[in-house]
Every structure is written in structure tokens, then in C-alpha cells.
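Visitor: Protein chains in written order, with our numbering: chain X, 1 to 454; chain Z, 1 to 250; chain H, 1 to 479.
Simulated from the structure, these hints should not be mistaken for lab results.
Where hints are given, some of them may not hold.
For lysine-lysine, the following PhoX-like pairs were computed, each having C-alpha atoms within a straight-line distance of at most 20 Å [stated by the list, open to error]:
1. Z:K108 to X:K404
2. H:K196 to H:K165
3. Z:K128 to Z:K192
4. H:K67 to X:K299
5. H:K397 to X:K346
6. X:K299 to X:K360
7. Z:K128 to Z:K108
8. H:K397 to X:K341
9. X:K378 to H:K423
10. X:K378 to H:K397
11. H:K378 to X:K360
12. H:K350 to X:K360
13. X:K130 to X:K117
14. Z:K108 to X:K407
15. X:K341 to X:K378
16. Z:K190 to Z:K128
17. X:K404 to Z:K190
18. H:K423 to X:K341
19. X:K46 to H:K378
20. H:K423 to X:K346
Covered, in the sense of this in silico footprint (three residues per stretch, anywhere, with C-beta under 8 Å from a C-beta of chain H), are these stretches of chain X [to be verified]:
21. 335 to 347
22. 350 to 358
23. 371 to 385
Even glycine gets a Cβ: it sits at the ideal position worked out from N, Cα and C.
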Amino acid sequence: MEIEQSYIDIYKEFAPTLKANSAEVMNRNRDEAFARFEALGFPTQKMENYRYTDVRSRFAVNYGMNLRQVSCPLSPSDLVKCNVPGISTHLFFVVNDTFLSCPSATLARDMEELMEKGVLWGSLKEHAEKYPELVARYYGKAADVENDGLVAFNAAFAQDGFFLYVPKNVVIEKPVQLINVMHANVDMMANSRNLIILEDGAQAKFLVCAHTMDQVNFLCNRVTEVFVGKGASYEQYKLEQTNYKMNNFGSLFVKQEADSHVIVNESTLHNGFTRNNIRVDLDGEHADTLLCGMAIADKEEHVDNTTFINHNVPNCQSRELYKYVADDSSVGVFAGRVLVKEGAQKTEAYQSCKNICLTKDAHIYSKPQLEIYADDVKCSHGATTGQMDDTALFYMRARGISEKEAKMLLMLAFMDDVIEKISVEALRSKIRLLVEKRFRGELSKCSGCEICKE
Amino acid sequence: MLEIKNLHANINGKEILKGINLTVRPGEVHAIMGPNGSGKSTLSSVLAGNPTFTVTEGEVNFYGKNLLELSPEDRSREGLFLSFQYPVEIPGVSMVNFMRTAVNEHRKYKGLDPMSASDFLKLMREKKELVELDNKLANRSVNEGFSGGEKKRNEIFQMAMLEPRLSILDETDSGLDIDALRIVASGVNKLKSKDNASIVITHYQRLLDYIVPDFVHVLYKGKIVKSAGRELALELEEKGYDWIKKELGE
Amino acid sequence: MSENIVDKVTQGDYKYGFVTDIETEIIPKGLNEDIVRLISQKKGEPEWLLEYRLKAYRHWCTLEMPKWAHLDIPEIDYQDIYYFAAPKSKPSPKSLDEVDPELLKTFDKLGIPLEEQKQLSGMAVDAVMDSVSVKTTYKENLAELGIIFCSFSEAVKDYPDLVKKYLGSAVSYADNFFAALNSAVFSDGSFVYIPKGVRCPMELSTYFRINAKNTGQFERTLIVADDDSYVSYLEGCTAPVRDESQLHAAIVELIAHDRAEIKYSTVQNWYPGDKDGKGGIYNFVTKRAICKGDSSKVSWTQVETGSAITWKYPSCVLQGDNSVGEFYSVAVTNNYQQADTGTKMIHLGKNTRSHIVSKGISAGHSQNSYRGLVKVSKNADGARNFSQCDSLLLGDKCGAHTFPYMDIKNDTAVVEHEATTSKINEDQIFYCNQRGISNEDAVGLIVNGYAKEVLNKLPMEFAVEAQKLLSVSLEGSVG
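Given only the sequences and the hints, what does the whole structure look like? Please build it.
Guide: Structural data, given as C-alpha cells:
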């Protein structure tokens, strides 16, 4: 427990500081969450859900923590060029673990219009102070503090993050973009918390980019809770394109009510160490979920996507599609669990994981799992690990395409069905371009992530 | 343009081609016929450089170059085109992207600049009409979900795009109904010139009603056992392959 | 389809539930070093084997029962079990006349006549009751070919070098909790050795029967196929109906040398407990094959219909280049049965291939899980695996689960896994109905069709038996 002990000591010593720099709603269960972390510790590889990913040692670095929430000397104007070309977004920043507020910046007209309709967005801490009842109704209600040490740790240490509230039947057309920036001159850890609430019939698209500005060790342990009301529609795209010194832990908890639609698409193009936990609870009938993701890893990179879809009620549909290409001595992990509860009849669940291992030192672990307690269901999963199709390769060469180029095209094609599932056209073509650059080796690490840079 | 001398090839140690000799000059159409398993498709695969086959003996000269030393892509760039018996489906790779890459690689080989996107699309449109290829097919993934006829027309379309010096049509007629056959054959005929040549591999003489050969060769047990003019195809049609076997004293 | 059909189905009777009234020799309950010594002494074993048992026992003491399986296993009191029970009769009967007639009757009743003239030709049988070999048939005929087929105890006496060489080479005593337990207290089992270049002319078979009360059954099977040899081996099991659950923890080790082939088939029909989940056998078995030689091949086929709880993963370590491992399984669970079964294919050699076909059928309140691992090590160039795992659900109170693990560390490997879970197809049932076939028969037909790919892998006589067994186990379980 030595690794845990240093964090336990920090909490014990600085709990009052932590609380003083956060909101009361977020403090309510802070001590319990801490106690839970004390009992659980960080996950170990002895735990079935973490058998291929060593989380614990990642925390051994002596990271700085910004417990006093001292604001960073960054102005939004330094970062405002971060935008996906071809689409405009409603743009927000979290620097390390603090929401970057920009009182001077004037709000765009369309943002004002949305706020007049009741949309709330910005700092979670501020909103928790201003709307304690609203935030308290949702905060911590989806995240699994009980069983996951990473989540408990986040609940104990997170002080701020991003908040989005979309009232009934309000549609936000433009994607809401959150850029998580890591900026420090010493090794730094960030625990931030996002809370997203879509009331019945609301619609929103959320784009998250991870961004590193310095060449020090970073560790992010972010937890996002999403509540999707009846008939509401939510899409989330996450792009990781940072550097080898980045450790990114992301836990996403989604609760879906009847007739709601959710798409989550997470791409890892460059990141030292990634662990994404996604848990979706289908709590209302006729809801559907699509989870997809891709990972392109090389050198010593490690990418782990662990998903858990809970079919709690009948007539829901879930689909999963994950694709990995592992080069050099990188490691790719996919573990997907689909649980169909007793009585959840007419469930349809499809899961697919396809991998390409490019070298002998690259490792791919896949573990799709179906647990089914109802009989009238259609569930399937498939997982393959292999190489590129030789006949396709020959066919292309027979048309004069060089072997290297043909392989490139095949790898792009391999990833294409994940990219296809991005509904925002401009983002789709941008990601397609980034993937191609990544395969061509033209995309080196982030010094201002590509998608945001132009 | 093409000279094959004593070509031997095997797959997994099993010898399929046992000494093929064949010379093709510009402007000629050669038909290679033969019963199933005689090595017809192996010959086309070996000429295109399919790595599943191993050449053990013999030489192939293509416009003064040793064809067997070239990679499959260089053979293509030198102007050798194979219309596959079973065109391969490549999910996720669009026809446009696929063809543009191929055309530009050919141009690069010849020292030409890549084609502009608009020129390329114009060229695609032009050539598509030749084989009456549906516009929609061009936007789909390569051969994915194409019917048998569409796949074969797609092969001829690619042939038109790449303007080869030598085309090998491997059982292009298999799986085609009579209308599709006519479209494919007329596409081939339109592309014919005094500078290029074709090798038509077929089991039936039906296709040869449309694509008229100058020479007909019979391939049997890995060797060309009989060569003659067009009349040989008709004779085969009438008497069947048993006639050849008998003639060989089997 | 109506609920009462489900009820009817779930009442399919277990027809092997009788008890043989025979005098049994047992030793005191419980487990400690003295008991281990006593077992060894009763069997007149050499010192090295006792040492092996003691090592295993000491290791076992440091272990805890595994909890990772998708099983709800009631607390087992390992001190409340008899670790040795043997039908009292003369040691290793030389002829049938020396075998207790009660025993002969028992095996007759089970359809396993021990008189050679009564048997199906082409099958040699080793009959094991309460972990002790009763009689091995055709021994002499096989011996002429150099084939050794005898009880484990005899092998220890007659072929100590072979046993010493191979015992624990596929399943080490330290492998897992149940393997350690078995290695400490195993009482008997079968031993097979096929010499170089010999194709065993008949099916070898062991029939296991639990009879005594409150005893555990701990047998072990060791099959060694030397270069260029072939053997097909069958295993059948039954037990009487009792209210208390009984423990069965066996070990099977297979070793295949260069170009040797072993086919191992199991029809497991231990008492599954009654329809309320009372009683039944806890079947915790470790089975592993080492494809040691180049181009060797091992194929596991299992039809699992019995036992209250099944925990078993017949595996192949593909060590030799070009070696092949196969696993074909049908697992049926009904009432309150639980099964967590599957395989491990460990690819070590080059161009090794494995093929997995698993068909799970769940009915009643049962839980049926497939758990499998395909591992391709760094040097296993050209490894290929294909896995197909299907689950069929009959009724809405049962569960079907799939837990495949794929660990790939080689860039030339091709590993494919497919799994589907579905309900029995009502259109198919309707189609049968329309042709005048009853619901129950239709389910039997459909389930057998569903399992055909696996049943086809069984030797003829077994396949017929297994087909009947499938229908009986599921009688009336149409939901």
C-alpha cells in the first residue's frame, strides 16, 4: 500500500484545503469516497477487470496536485485557435483539473440564445454552488465509487470540471467541445469531474480532446457522468493525441432512459498509457447505444478499452465496434462485457473487436463477454486478431499499387468503419485524415494536438 | 512482347505448370482453353506474380524485361493486366480511392505527375460508360456487395482505366449471363488496338464468339498440347476435351 | 409455448440413480498427512509416489478454492469427506469369476457388460467404481501389440518407470487447488501407453461409477501416445441419486509424441441433482494434453449433461511444431445445474492450429458458461485458431454466458472468435409442428441438429448414446 499511502497522507493533511476550494455538493460524499479508496486502493492486475493493465504503478510518480486550484497563467486567447476546421463548436477548456473561466470573452450570439433557453454550461464547481439542488440530484449517482478505486480516488480529489445541462426538448446543434489541457513545468496529476445532463427530448454532441503542452509526466484521472433523459440523444467523441508521457484514465458512466440514443466514439491515436472505462446502463425500454473506438499504438504505448453494457430492461439495443492496430512493442486491450438481466427480453446486443498485430513484440488481448439471463434475445460477439488480407494485398499490387501503399490503404480501410460512425461530417473527415497521417508516420506526438491546432 | 519459355511452377510443392511455351505479339488475341484443373488459372496467376505459386524453371520475357524478377505491382506498371477470375472484395476501400491510387502509381512509374482530382473523375466517367458500370458502384467499396456480373464489368473498367499493353482475361465469362457477357466482350473489343494484346482464358468457346482469337491453344496437364487458329475452338466445342485426350493417346 | 411443457421437460428422470449394495472398505473421514500415508499404504505404493502425494498435499494446504468461475459453489467441508472407498473384493481380479457378482450386475445395468463376449466388439473397458478399478477387459489382446491398458495402480506396480516419467508432466500437482487435492489423494484410474507406430485397433474406454456415500472420487487417467501412434479413448460416468452432494476431482493427462494422435471423448452424466437442485455431483476436473511432438494431434470431445456443478477446461499445450488441438463440446444444463466449462489452447510451436466448437444449451434455472483461452506465444509463428461458441436458451430463467480470452503475442497469428446467443427458433418449431412433430420431439430434433457438429466427432456407439442423453436431459424443456 506504499503507493496509496502517500495519497492517503495528502488527503488526511489537505482535506480542508480540498474542500475549501470545491463546492459543498461535491464535498458531501468526499470523505466516504476517500474511505472507500482507502479500503480499495488502486486496482491491481489480480482483479479480473484490470488483468492486462497495471494501473497502480502509474501512480507511483511523485505528481504535483493543484489542491488550491490556483489558476494557470493561460488565457483562452492562447488556445482559442484550437478548433476543428470546417465546424465551429461551443468551446470550453479545462486546464489540468480546473475549468478555465474567461470573464472577459464575450459570448457568441448563439451561445446566448441557448442560455436563454435554459442551457447551463461551464465550471462544475461554480454550477454546484449556484444550482446545488440540480447538481446534487445527479452528482455521483452514476459513478461507481463502491467498486472501482480509480473512481473513488477521483471522487475524493476532484474539485472542478465541466458541467452541461440541456433542458427539456432543447437541441444544441453545434458540438460542445471540451479541451482538456495539461500544462505544468513539473510532473502533474489532474482529477477532474464532468457532469452532463440531458433532459427528456434534449440533444447534444460532445467532443473531448486531450492536449499536452509540456514534456513532463502527466496523469489524468477523469470521471464523466452522463444522464440521458427520455427520447434524448447524446453523442460523445473523444480524441486522444498527446505524447508518450501522458497517462490517461477516463471513466465514463452513462445512464439512459427510454427511447434515448447514445453514441460514444473514442479514438486513441497517440498516448503513452490509456485506460478507458465505459459503463452504460440501459434503464428505459427502446433505448439504444453504440460504442465504438479505435486505437493505433506503437513504441511502448498501452491502450485499454474496457466496456460494460447493462441491459436492465427489455427491448434495448446495443452495438460495439472496436479496432486496434498494434505496432512495435505496444499493447492493446479490449474487454467488453454485456449483461442482459433477467426479464430483459428482446434485447439485441452485438459486439465486435478486430485487431491487427504488426510485430512479434506487440500484444493484443481481447476478452469479449456475454452474460445473458433472458431467453428471447439476439446477442453475438466476434473477435479476430490477424494480419492484413493477403489476397486483397495481391489484388492491389496487381493493379500497380506498391506494397507499402497497399498496406496503408488496407489499414485505413480497416479503421474506416469506426470513422464512418462519426456523425459530424467535418470531424469525420478530419479524423480520417489524422488516421492516414498517423499510419504514414507523419503525425508525431502532440505539441498542440493536431485536431485543435489549426 | 511476351515470350514464355519452358515455364514450370508449383503450389506447395505440387507441380501445376510443366513447361509452357508461348509467344504473344502486339495486336494479337490468344485464347487458352482446357479442361478444369489443366493449369489455366495458374498460368495467369504466375504471370501476374501471385506469391502463392513458385516458379521452378523457365523464363518469361516481357518487352525485353525478365518478368519473373518484377514485383506484382511493377508487372502491372509495365502494362500487364489480369482480370481476376474471382475479383477480391476489399471492404472499406472505395473504388474511387483504389483507382486513383492505381492510376497515379502507374503515372509515377512513367515519370508523369499525378492526375488532378477533376481530370481523374472525368476519366472515370468516360471509362465507366464503356462497360455500362453503374455510377453508384464507383462510390462503393471495391467489389463489395457487387453481383457476379458487376464484378466482371468492374474488372474491364479497371482495364480501361489502366490501358495495359497485355491483358489476361481469366475466365471472364464464368458466371455471366448473355447480356453481361456481351457488355464485357464489347468493352474488351473497344479497348483492342494494334499495339496491345490479350490472352483470353476460358473453358467454353462461347466467349470466343464475341472476342475473336487469332490463335487458340489447348492447355492440358500443365502443358500446351495443341495450338491452331480459331477453328480449333469450334472443333473443341463439337468434340469435347476427350478428343484431345484420345489424340494424346490417353 | 406453454409453461407446463417446460415443467414436463425439467422432470426428465435420471435413470442411473440406483445404489449397489456392496460391502465397501472406507478409511476415516477427513484429510491430513496420515490419511495421505494411509491411502498410499493401502495401495502398497512405492516411496516416491508417497513423496509425490505428500508434496501435493502440503501445497494444497497453502491454496484456496478458486472463485473466478461463474459458479455459485456452496461451502465444501474438506474434512467431512471420505477420501478412500473401495468395493471389498480381491485385489486386482485375474478373471471375471473373482469379481463380485454385485459389481458385474451394476455394470451390466449401466449397459457396460464386463464379459468380453457380451461386449460390443472393438471396445476395451476399464471399469472404475469409487475410484478403484474393478476390471479391465481385452488387456491380453492389447498386450500383444505392446499396448498397455490397465488400472493406474497396476501401472504403478508393473510400469513404474513410465508412470514416474509422465505423472504430473501435463498437470503438475501445483497447477490448481483441485489438481493438488487429486495428486494427494487419488486412488485409481486408467493408464494407457501406445508404443511407437501402433494404431490401437479398438476404442479404449473407462467407465467411472460413484457408489459409496459421502465419498469423494479422485481418479486420474494418464495416456501416453508414442511417436506415430493413434488411440481413441472414451470416458463415461454415472452416480446414484443421493440428497448430499458429492465431490469428484479428477485429473486427465495426455501426452502425444511426434505425429501421434489422441482422441479423447467424454460423455459425462454424473447425477445432476433433483429438479430443486438438491444433491448432485460437484465435478471439478483438470484435463490437459501436451502435444509434445511435431505434428501431433489431440482432440477433446465432450458431452456434458450431468453434475450439479461442472468446472472443467480440457486444454491443449501445442508445443510441437505443426501440432493440432481440437475441442468440441456440448454442455447441457437444466434445473439448477451450473456449468463453467471450456478450453485453453496454448500455442507454443510453429504453425500450430486449434479449433474450438462449443455448444451450450441452458434450460430451467441453470447457468451455463463457456470460458476459453487462446494464447499465442511470441515464437508461435503461423498459429491459427478458430473458435465458435454458440448458446441456446430454452426458458427465461436460465443464463448463458461466454467468456473468451485471446492473448496474442505474435504478428503472424490469426485468431478468430465468434459467439452467438439465441433462443430456440420458433419458426423451426412451428415448421416441425406443421409437419406433425410434437413440441418435445421438435426440440429434441433441433437441439440435436444444433449439437450435431460436436456429436459427429464422437465414436459411433457413443454418438447414439449421447443423442439420447441430450433429449432425455432436456425432455420437455421447450419454453
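Visitor: Which of the listed hints are broken here?
Guide: 4, 7, 17 and 19
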